[in-house]
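Peer 1: What follows is each chain in one-letter form.
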Amino acid sequence: MKRLPIYISLLVFVGIAACNEDFLDRYPLDAISDVNYFTTPDDLETYMNSFYSTTYFSKYPNHGADFNSDNQVGTNVDTRLQGTRVINTSGSIGFGWIRRVNYFFDNYKKVEENYALEDYQQYLGEAYFFRALSYYTMLQDYGDIQWITHELKTDSPELYNPRDSRDLVATNIIAALDSAAMYLTAEKTKGQGRVNKWMALLIQSRVALYEGTWQKYHANTPFGVANPQPEKYLEKAADAALELIQSGVYDIYSTGNPESDYYDLFALQDYSNNSEIMFWREYNNELSRGNSNFTNDRNHRMEFPNDNSITKALADAYLCIDGRPIAVSPLFKGHESLMDEKDNRDPRFYQNIATHDRVWRIHKDGTREYWKAVYDKLNTNAAHNSPGGYINIKGYNPDMNYHVQQYEESPGIIYRYAEALLNYAEAKAELGTITQEDIDISIKKLRDRVGMPNFDLGNIVQDPNWDFPDLSPVINEIRRERRVELATEGFRWDDIARWAAADELIVGRRPKGFNASQLAINPFPVDENGFLDPFQNAMPNGYGFDLDRDYLNSIPITEIVLNPNLTQNPGW
Amino acid sequence: MKKRLPFYCRVKTQCGVGLLAAAFFSAHPIAYTSAAKAGFDSSFELPLYQQMANITISGTVQDGNGEALPGVTVSVKGTNMGTATDLDGGYRLTVPEGAILVFSFIGFETLEMPIGGNKVVDVVLREDMASLDEVVVVGYGTQKKMTLTGSVDAISGDEIRNRPAVNMGDLMKGASPNLNITMGMRGGEPGSTSSWNIRGLGSINANASPLILVDGVEVNINNVDPESVESVSVLKDASASAIYGSRAPFGVVLITTKKGQQGKVSVEYNNNFSMNSPIGVASFVDALTWATAYNQANANAGLTPVYSDEQVERIRGFMNGTFPYEYDPDNPIDNIWAGRRNGNANYDWPQILIGNTSFNQKHHINLSGGTERTNYYLSGGFVDQNGVYKYGNDNYRRFNFLSNVNSRVTDWLNVKTGIKYAKGLADYPVGQTTVGREHMMGEVITFAPMMPMYNINGTIQSPLLRWQQDSGRDKFETNDFFVNLGADVEPLKGWVTSFSFNHNIINSRRMIHPKPVMVELGTGQFGNVGKPESSFESSYNQTNYTLINMVTSYEKTMNNHFLNVLAGYEQEARHYTSMSATATGLITDEVPSISTALGEKNVTDALNHWATQGVFGRVNYNYKEKYLFEASARYNGSSRFAPDNRWGFFPSASAGYFISGEEFWRSIETVVNSFKIRGSYGSLGNQNVGLYSYLATMGVGAELNWILDGQRPQFASPPGLISSDLTWETITTTNIGFDAGFLNERLQVTFDWYNRVTTDMLGPTQQLPYPLGVSTPQMNNAELSNKGFELVLAWRDRISPDFSYDVKASIGDSRAKILKYYNEKELIDTWYPGKMVGEIWGYTSDGMIQVEGEEMPDQSRFFATWGPGDIKYVDLNGDGKVNDGSRTLSDHGDLTVIGNTSPRFNYNITGSVRWKGFDVSMFWQGIGKRDYFPPNTMQLFWGMLNATGSSGLYKNSFTLDYWRPAGETNMLGPNTDAYFAKPYFSAETNKNRQVQTRFVQNAAYLRLKNLQIGYTLPSQLATKISLQRARVYVSGENLLTFTSLPGTFDPETTLASDPANNGYQPGRIYPLSRVFSAGLNITF
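Going line by line, the protein sequences match chains A and B.
For the first sequence, numbering that gives the first Met the number 0 assigns the number 0 to the initial residue and increments by one for each residue that follows.
For the second sequence, numbering that gives the first Met the number 0 assigns the number 0 to the initial residue and increments by one for each residue that follows.
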């Protein structure tokens, strides 16, 4: 008993000696080791889910997505068009998504052990699809860029690769899309689920057309490639579009109402069974529970122009209903007022630009208000500001039931079939092989929807105001058709870039608006012809876009320091 | 005490030399051997002394004021006989003839009194001005302050008492030099927490917080009741904290809670009632001024006016009373956000929405006492803190219970139990439902004064106000239950073995119930600024923490040699689980629960755990308390590293020399009473890295932010790059210091200089080109040094028994520098060897362009066009252009280091005066030097940013002091000698807002944190009303602030709001409060 305390004290050391060896082995309890992943198709599916994001599919914007071009004008001058971008010093170039997709390719083969290709080929196809999309963005922003197809480690020599030529990158993107089209499902789907073969073909025609025209029109400039092969790409663009067209899976949305079908297409509340909308984003408050990633209030925001507008340049591009440009059509009533301008025009004019007689809001009790109310109060306060006058209504539904600030459930269009038709026609035209039959399976469909006369290859009306007088009439008119059909949907800057068209469309110009005399209140400057000229003070000499520099972004200075093999883009 | 005697006599004779310790026993007075036959007796009635003694002495002990001193130890010199005085200061003791009585009591000089022939010995103890006999809590024990060789600062619990602040962080701020306590992104919100740091930056990536232990165990410091704190020791250098090894690389804060004292039963009640009003809340300029300036910024950018002429007229009319409406009745506000642009009201929103004066209270009661066998301390505390939202209450309450009971079961066994329980309850408005309530602070300072508060029909239209009122509640509850069980076994005198088992369970529950927040618009319609539909989120988490340690120590003094040897083992493990569920489609908002929700449900969980293990030892030796040595070490393992890199050995050593103990010191002893120099050196490990950072794991997300075929499925992400050989960061500290006492110990000086070097610091393997696509894995390849000092000057004096005062001033400093970092290209935007932490790289400003075409360098790097009212920069490298080169050390263009954001020279001054029953004390805290460059998103500084939406204009700021031409005709008039350049509501404005010398702010400040005036009832009077002691006081917090920052800045909160300081958005933070309080301390 009396030695007890000593024994107890000595137990301390016994206690230490008896320590559990494994006490410090603590492995994650709620995360999976990468070794155990990619063994089932479900793993692959879950992995590919993360690619469905705004990184690849930007939100269908309020008021349109062409503010970086000559189609739209907002409050601020676009810095790229203005030529005031400065070299990126400390930034980087985001290869995170490329690594993410490469990680898939490095690991997915584990699934082969127990599963057949058809069990998981959809996800393999998606991986190719997203690899292509990731690189397409790089191609547009930087031109030449390293083509990397497996996960790099800190000691990978590829880190110090020079940039691969854009030709190689574009070729590889197109090849990836071939693989994607081969593996992805050919089912039409409801369009708000996983990507399919047809979307891959659409993107393939888009990328091939982009690179084909880029190589053609930037040839012999600092942005050109060494041995341009535009035909190779243009043929691919035409082939991919044609395969999509001939599949018959999709068709132009039309209910036989040329006065409204085009407008309605963008304002529908569901595209599950729509023939034209290939891919769209669903908004659902119950599923999103107010998550800010799902915030959408497009209709609500578009009730007022809020400093956004369409330019006179776009408005003037619409033909008259006789298929002739406004400069030569006897039907054109002049620029005096918007209602004059609208008369006898391609119906897409007033289905894209709000006119006084168009319904602005349909209240829940059925009462209607018209856009005239907005035009009458233009510039009375910030919500009513419109620097160019013309108000964009594409994507706007007047039914007030759908106007929910922040939590609208209106879906967002991502891909639509009409683009494939335009890609096809343009590729064929650029190849010089376009026939009336090509027109009839493509542009005619778009014109039929809105009741415009067909585009007659044999009888193109000369327009003294063609943007590209040096190019053939057919190319001028196909570009016009593209501009009009896809107006404010975010294609215009890409088109200007690939056509090397900033010299014709941007440099030294300023965005103009409609005739200022129709406004009771106008705080904006007016040009010598009486048209709104909102940036007259901000840039008296017009856009300073640098033709030798601004088609591509700068490579961050720090990256050039890190990798001596890296070259800067032209002009920076 | 004496019970032990028979036992070690027996040890001596029976165990012989088998025990090392036995050698020391011969030093014990042989007289005790005769007591052996007394054996083990469970009684504590001093039978032994009674056998030997023959005189009974009694008397009373008083202090200099004539007040009785209970609890004074009265012992017989050279023996272990003794007792303690009772409540009336009386004692009674039977002693041998000719004995010398020793009276000792903490805080008083020890008095030796020969009994002579007296039977009654009354003594008066003098308050001890010297603190050298003070005992300080150190790692796994206590030590006399006099023999300390490490850097340890001891703070008495009294110093933090009677202040209205509710948590330890707020109270400890400035209590010790280089103990830096900074607020988090929640600023001064009720229930907000602080982050702690000792001696500045310790590591560039891993968390460098000190280890905070309460009664030896790591706890959540926010749940500690400050009123139950007995003392706080801040262990700053390696030698003091090395015993904790990798648990405490950056110092230790040891908090000891109160214990009962033998012979002293008392009940104490303290309270504090306070009124809080926010400080540093911005105030808008009037609407007309606002509109004028905004329109000018748009005009400068070539844009049309933000506010039309018609609207400006309405604003003018509203302000002078001729236009009665807050908006145009013909164009009523029809959009939840449009009021701020289209309204014409004139409201000072920050002041209106954050202007509440709130009432707070604190109560604390404790019961303590003890018998010779058992002592106990039981306490309960309650705090109730309310916030400053004017239209929505936010509230934090905390309940604390504590019980410390020690019981000497046998003469060799002491059993200790401690139970602590804290319950915290917070209740906040959800606020801006989609993003969080912190965003409200940003909206409040940016929504224009024109925003209407009311519709014409009288209903509320302001969305900001509605958020406070009706966004649902975010409630948080935490239950922190903590139990310590321990036993000390002392088989031989001086050999103490302690076991302790500590378990902490923290359960938290958070329930958020965000709702749609309907705002009535001018049109009579409603808009929703809240969630699309009500939802409910319920999350629970539980932390289980277990710490087991066993420490054995032996202490012996013999022939002026003192030796203490300690060895121990410790293991800790933490296991965390949480589960969270959200649901939509509540049947009713009255009963929010997952069960009563019909809509989509989502469940997630999180689980993790970690563990450490270590053995440690320490040897203290001193000779005559003059030559002091200490060595300690810990061998430590952590689960956070791969098995091969798991264990580390961390030694330290220190020495001190008490020079004033030498004979030759006698000549100056009257001036310099005591002088000790000391030095220490040691290294510690830092395990504060990710829990599983050596393992590659797939990230799995619960809900995709995309609806895929009608669902939001799970998704997986690839692992980051890892390096499996990750191991400790090693922190090596050299510390040199001295402690000196002057003028009869009235003046005490403590100085420490240190150099803390962090080696094997985690850094990137290398900065790699972008194709890697992921951040580079970290490796132990960087190095940092942090040098600084602490100086404490304390003066205390008693002029008369009725009048005494003390002043203490302390200052600390730290400067950190990167010694090694993988940055081959020497890019200046990241770390590089030689970089001083906090360095600001910027341009040198050269005034403003006043005349078109003025001579200036080529500044086209920032913008193409320049004109009057724009900034001119100095072309330092003379190449004709102002630019930043390649932003490397060898080519940094015209950039130079123009300041440093690290806080330097943290200082504090405390002082108190006591006269009769009155006492006055104050506490100042400040930062001596700090630069700050406001980020260009900070509207509180710049006013108008690059767009209208996030801008603001404030009183008491520079925001209106911007360049306007000589011919300016607007109401603001010309201002060519302005502080700011011309504002532009476009990206052009950035050209004038490059980081530059002109706008570097001096963020130094001095703040009167607390002023307190108290009155203690004379004891005679107190006794009459059956009280031992009664004191009333009034106290004020944050009463005065001296700073040269703009008036819109609070030096604490505004800087804390900068993301660079872990804030959420610059300038957007919950304010601090100025507090007036009164309270009562009563001891029964």
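Among the hints, a few may not be true.
Claimed, not checked - Only part of the chain B face toward chain A is listed, based on derived beta-carbon distances under 10 Å:
1) Glu309
2) Thr432
3) Leu690
4) Val699
5) Trp705
6) Gly709
7) Arg711
8) Pro776
9) Pro856
10) Arg860
Said to hold, decoys possible - Restricting the straight-line Cα-Cα distance to at most 25 Å, the calculated cross-link-like pairs of lysine-lysine (DSS-like) are:
11) Lys76/B x Lys824/B
12) Lys474/B x Lys389/B
13) Lys928/B x Lys152/A
14) Lys625/B x Lys143/B
15) Lys58/A x Lys109/A
16) Lys824/B x Lys152/A
The set of hints was computed from the structure by calculation and includes no laboratory data.
Being a predicted model, the structure only gives us computed values, none of them experimental.
Just so you know, even glycine gets a beta-carbon here, dropped at the ideal spot from N, CA and C.
Peer 1: None of the hints should be skipped; say for each whether it holds.
Peer 2: Results for each hint:
no.: 1; hint: Glu309; verdict: 6 Å, holds
no.: 2; hint: Thr432; verdict: 6 Å, holds
no.: 3; hint: Leu690; verdict: 8 Å, holds
no.: 4; hint: Val699; verdict: 7 Å, holds
no.: 5; hint: Trp705; verdict: 4 Å, holds
no.: 6; hint: Gly709; verdict: 8 Å, holds
no.: 7; hint: Arg711; verdict: 5 Å, holds
no.: 8; hint: Pro776; verdict: 7 Å, holds
no.: 9; hint: Pro856; verdict: 16 Å, violated
no.: 10; hint: Arg860; verdict: 6 Å, holds
no.: 11; hint: Lys76/B x Lys824/B; verdict: 72 Å, violated
no.: 12; hint: Lys474/B x Lys389/B; verdict: 19 Å, holds
no.: 13; hint: Lys928/B x Lys152/A; verdict: 44 Å, violated
no.: 14; hint: Lys625/B x Lys143/B; verdict: 13 Å, holds
no.: 15; hint: Lys58/A x Lys109/A; verdict: 35 Å, violated
no.: 16; hint: Lys824/B x Lys152/A; verdict: 20 Å, holds
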